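> Letter by letter, the chains look like this.
Protein chains: 2
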Amino acid sequence: MAYKAPVRDYQFLIADVFKTDQYNNLKGFGDADSATVFAILEEAAKFTEEVVHPINITGDKEGCTLNPVTHEVTAPKGYREAYKALSEAGWTALSGDPAYGGQGLPHFVNTAFSEMLSGASSAFGMYPGLTEGAISALTAGGTQAQKDVYLPKLISGEWSGTMNLTEPHCGTDLGLLRSKAVPAADGSYRISGQKIWISAGEHDFTSNICHLVLARIEGAPEGVKGISLFMVPKFIPDADGNPGERNSLHCAGLEHKMGIHGNSTCVMVYEEAKGFLLGAPNEGLKIMFYMMNAARYGVGLQGLAIGHASYVAAAEFAKDRLQGRALTGPKSPEKPADSILVHPDVRRMLLESRALIEGGRAFLTWVALQADFQHAAEDEKDREKASDFMSLLTPVLKAYLTEKGLKVTQDAMQVHGGSGFTEHFPASQYMRDVRITLIYEGTNGVQALDLVGRKLPSKGGRAMQSFLGEIDAYIAAEEAGSAVPQYIKALKETKAKLMDGTMWLMQNGMGNPDNAAAGSLDYLNIFGLTCLSYMWAMMAKEAQAKIAEGSTDPFYASKLKVGRVFLERILPEADAHLAKMKGGAEAIMALEDELF
Amino acid sequence: MAYKAPVRDYQFLIADVFKTDQYNNLKGFGDADSATVFAILEEAAKFTEEVVHPINITGDKEGCTLNPVTHEVTAPKGYREAYKALSEAGWTALSGDPAYGGQGLPHFVNTAFSEMLSGASSAFGMYPGLTEGAISALTAGGTQAQKDVYLPKLISGEWSGTMNLTEPHCGTDLGLLRSKAVPAADGSYRISGQKIWISAGEHDFTSNICHLVLARIEGAPEGVKGISLFMVPKFIPDADGNPGERNSLHCAGLEHKMGIHGNSTCVMVYEEAKGFLLGAPNEGLKIMFYMMNAARYGVGLQGLAIGHASYVAAAEFAKDRLQGRALTGPKSPEKPADSILVHPDVRRMLLESRALIEGGRAFLTWVALQADFQHAAEDEKDREKASDFMSLLTPVLKAYLTEKGLKVTQDAMQVHGGSGFTEHFPASQYMRDVRITLIYEGTNGVQALDLVGRKLPSKGGRAMQSFLGEIDAYIAAEEAGSAVPQYIKALKETKAKLMDGTMWLMQNGMGNPDNAAAGSLDYLNIFGLTCLSYMWAMMAKEAQAKIAEGSTDPFYASKLKVGRVFLERILPEADAHLAKMKGGAEAIMALEDELF
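Quick note, the sequences are listed as chains A and B, same order. Here UniProt numbering is used: position 483 in the first sequence is 483, and no number is missing along the way. Here UniProt numbering is used: position 428 in the second sequence is 428, and no number is missing along the way.
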């Protein structure tokens, strides 16, 4: 039941599919030639398999403990040591800005590492994950002085970060938030309020914890227009930038959750705590969204990562478990029974999982490259296009990969049979852990609404046109003489369904936004299927090319076998989603509230 | 977050849809006129809401405790008292044979009660549930003397029952089982072996626990042909039928599980325990299947019941939670925000849940009526037909209702947002509890294989032909002048897809059984959709008729609104399942074992 990092799959994506060496003229990519990246990934695999994964199951059973007197939180045994190893080995600094001590490697490298980290232990992976979000927000909104104080320590992992949005009465609807900020004479603010569900809000790994807190400055406008963002460190940095005075904030409680027990999910109380404004007053949400978008990407990644880990455990179980005989006659007559891998339904579950995970991993990597291009591309048009893709695809990636991550963990449990329901095998933990990914950083319903209500119409639909243009150009370039025509055909058909859904939204959603919202998650699923069709077309092409070149590496043949499962058993869902969304809002809105 | 029993829905099914009073000439139905049944259901609702549900959440948190010295198991606080109330009020005896102290009411009455019991607390409901299985097996295979000793005490709830099939190395593949039975001089047997996952295997409610144990008599043939069934009571009944000598069996461990914590899931050890053969030697599986079929029905019911309970909690949460505003303008401008029920995606989840639950409940009730007819119908042809339906539809009911039960609990959690992932709300428990229903009593994959491999071809396809004939006759009778033509059309179309899938299986599954198995779960889903289409057609007709008659009860209008959601948002899945199953086995079987 060990975790196995998907090194080979990343090698394929990096070298064969996306051929990242072609970008070695771009900033950051020069130090990331594929040989270097492969070496990093080998190390990443070793680290996550050997150092991180062993504390995953024990961390689930032990959970975090809050000392009610000191308000200090103790993470599960081994977390502190693993975190120390993580930061000392430089893993937290992979994509950090070299100006602040980071290694400046492209995002796609960090994505590969992060998948391994989250897959080996999602609860543990959240600690550095939240810090990455804090780095995004500071980079986007901090003053030079703030960057100088905080970024080096966050990038090195010496300090960690958190996101403080939710309050007991408001999560999605931040306009309702009540935490207050009162200006102080020294230019700082006094922050008061209660925040809930603060992941990594308090722990015993780092010498400081930097809370990014949304609050309302006294006298600010009501609703979302009056929200500001503050850096509220646990220890206020002294003149030398070292942790100084203890700030007046504390963890008042730990959430009792279904999963991710190893992560401390805190109720945080701020009592006139010293906070420093990030960006302009009342414009906190704008900066917080940098952090939020990074976090949404990270959550989609987490869904996929846990899916991969649960697949690995299920495949191993299936190979070992002897039960029944193949329908076509015994496969291992010398044994008391065949392994359950002979059963088509077991293979179906495992192969559908592979089709989703491998397609999803390519999507994740491709979007990470867009994150790189939006800053590093030489041409402004290219930067704009990449930025448009990021913005358009972040909700798709978050919601689709987490929904499918859940499906994969469900199937992994099902492969385990009764054993899966016991806590002796890891299937239950993976399922309990992955479940939050459909919820936090905006539920998948909120992602779908963001997609249809905000991202599609934004800038006259520029991002969507650009995305469709990319797919069309790919089809046009590949269609004639393709060695994998079935994938091109599938991409063409799926993209046509996406177009169909988009047209329906334009015709029916403008006049009545409920129509768009009622079908938004179905539409998002068609979007996800289109993205994965694109990825599979690219992957199949390269795998087929390697085989044509004479490669006998079974990896390439496997890739095509899994790809066929994607075409035959995943893609048929697009029609159902399209039919459902076209039902519109009428039936959905008809029932009176009191009759629910 | 209270549980609300679906009394009104059962009244509708019993009086309006299935009109059970028309069967008052049949055995058992005479005492079950709808007025009487309604009174029973009102009491059942009171009992399950007020006595059973309060121990559900506490039971989850507390779990069961094994005393390692005495091997006794203590169930969570309140379970013992609730069980006492349950048996004293006669709930365990509802459908029991009057010859042994039962009330002899039809199965459909017991089904309604059982859904309420499982919905109020599925972990608690399993204790009497397992006893029902033991009653089926004894009724089918016990001698008169055995029936006289055990049935009255099991029916009254004074004693309880268990099923002992699984051993550490074998679950689905019972041919591998190793538990041994050695004949003793007194005609009994000495049973030795270890059984795992024995629900309700040991507890502190009843003065005796009757274990039905599969074992192999010394010298019996290998495989499934050498398996016998034994009654192995915890206390051996004395000459008066009272618990006598303590048998040499004990609970050696409790399983640590993801859910149903209130149920004791035991490792049972038999050390030359005294057992009494049930039925003929080596024919134990035949009798065990009576128990198993009852149990499979019970598990489908449990999936639905937990789904209903989680819907109730989610609907209540949605009405209370204020967050954001309706897309079409504020609905409650006087409040700081609208309830989340204004959001189409939230309503979609709740209404899809309703469409599945209400359709599933009708299906459950209709199948319960078949269970009654197979014994009580006057005409032999009718008994045969009902028996065929039971046999054909049990795997469909088990797998489809549990899969959809899981979907409903997932959506209920999603409606809760972040709150759903915490253990302060019941969503997590419902999801953790329902998950086992897809696994135990034969995983859903095993159900699908049973359907396509055994039930469809059985007796030259007689049951399937009979089922299709019933649907055709209904369509023929209703089509012209139907007041709900859209439902008739939907039934016709879905049934056509079922036919299409069945033909595909015949053409492709005979030569290569892997083809049938690879698509079996998709086929089962089309089957489930056909059954629910049939139920919705009947329900819509009666609801429409009541409205036409001038009823202003909002129940009827709601029924049609929910039915429309079934047509528009659930049925489109049939095509996707059909397309997937037609992919066949080739892609599924292609990957080499070592490459998983």
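Hints are computed from structural coordinates only; laboratory data are not their basis. Treat the numbers as computed from the prediction; the structure is a model and nothing was measured. Be a bit skeptical, because a hint or two may be false.
You can't tell identical chains apart in this list, so a pair holds if it fits in one copy or across any two.
Simulated pairs of lysine-lysine, DSSO-like, Cα-Cα distance not exceeding 27 Å [said to hold, decoys possible]:
#1 Lys77 x Lys407
#2 Lys46 x Lys331
#3 Lys497 x Lys61
#4 Lys19 x Lys497
#5 Lys225 x Lys546
#6 Lys541 x Lys274
#7 Lys274 x Lys407
#8 Lys225 x Lys331
#9 Lys46 x Lys459
#10 Lys147 x Lys77
#11 Lys582 x Lys497
#12 Lys27 x Lys335
> What hints, given by number in increasing order, does this structure fail?
Violated hints (numbers, rising): 1, 2, 3, 4, 5, 6, 7, 9, 10, 12; every other hint is consistent with the structure.
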